[in-house]
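K.L.:
From just these sequences and the hints, can you work out the full model?
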Amino acid sequence: MSIQVGIYIFDNVEVLDFAGPYEVFTCASRVHRGETPLFNVFTVGETRQTIRARAGLQLSPEATIDNHPP
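Under full-length UniProt numbering, the first residue of the sequence shown carries the number 1, and numbering increases by one thereafter.
Incorrect hints may have been included.
Claimed, not checked - Between beta-carbon pairs, the in silico distance windows are:
| # | residue 1 | residue 2 | range |
| --- | --- | --- | --- |
| 1 | 50 | 4 | 19 to 25 angstroms |
| 2 | 55 | 3 | 25 to 31 angstroms |
| 3 | 54 | 32 | 16 to 22 angstroms |
| 4 | 28 | 68 | 15 to 21 angstroms |
| 5 | 48 | 20 | 18 to 24 angstroms |
| 6 | 66 | 32 | 27 to 33 angstroms |
| 7 | 19 | 64 | 16 to 22 angstroms |
| 8 | 28 | 52 | 25 to 31 angstroms |
Hints are computed from structural coordinates only; laboratory data are not their basis. Just so you know, even glycine gets a beta-carbon here, dropped at the ideal spot from N, CA and C.
P.N.:
Given below as structure tokens:
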């Protein structure tokens, strides 16, 4: 079973503050030699509405605080 890793994103978040951890966990899952990925990484927001990061990047959270993988 994969470890669930939710990365919280919000308006004006610095891209590096969520993209760096996202890359670290997904990379660790790729090099893990098990049958299932080590981590299931997803973004979490207060709602599913599109957010705008500080540099203008727009993205939509995959889950919300009230509705996310266990």
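K.L.:
For each hint, tell me whether it holds in the structure or not.
P.N.:
Hint-by-hint comparison with the structure:
Hint check: residue 50 to residue 4, Cβ distance near 23 angstroms, so the stated range 19 to 25 angstroms holds. In this structure the hint that residue 55 and residue 3 lie 25 to 31 angstroms apart at CB holds, the actual value being about 29 angstroms. At roughly 32 angstroms, the beta-carbon separation of residue 54 and residue 32 lies outside the given 16 to 22 angstroms, and the hint is violated. Separation of residue 28 from residue 68 is about 20 angstroms and conforms to the stated range, judged on CB atoms against 15 to 21 angstroms.
Taking 18 to 24 angstroms as the suggested C-beta distance range, the pair residue 48 and residue 20 conforms, at roughly 23 angstroms. Distance hint check for residue 66 and residue 32: the Cβ-Cβ separation is about 30 angstroms, which falls inside the suggested range of 27 to 33 angstroms. Between residue 19 and residue 64 the Cβ separation comes to about 20 angstroms, which falls inside the hinted range of 16 to 22 angstroms. For residue 28 and residue 52, the hinted distance range of 25 to 31 angstroms is satisfied, since their beta carbons lie about 28 angstroms from each other.
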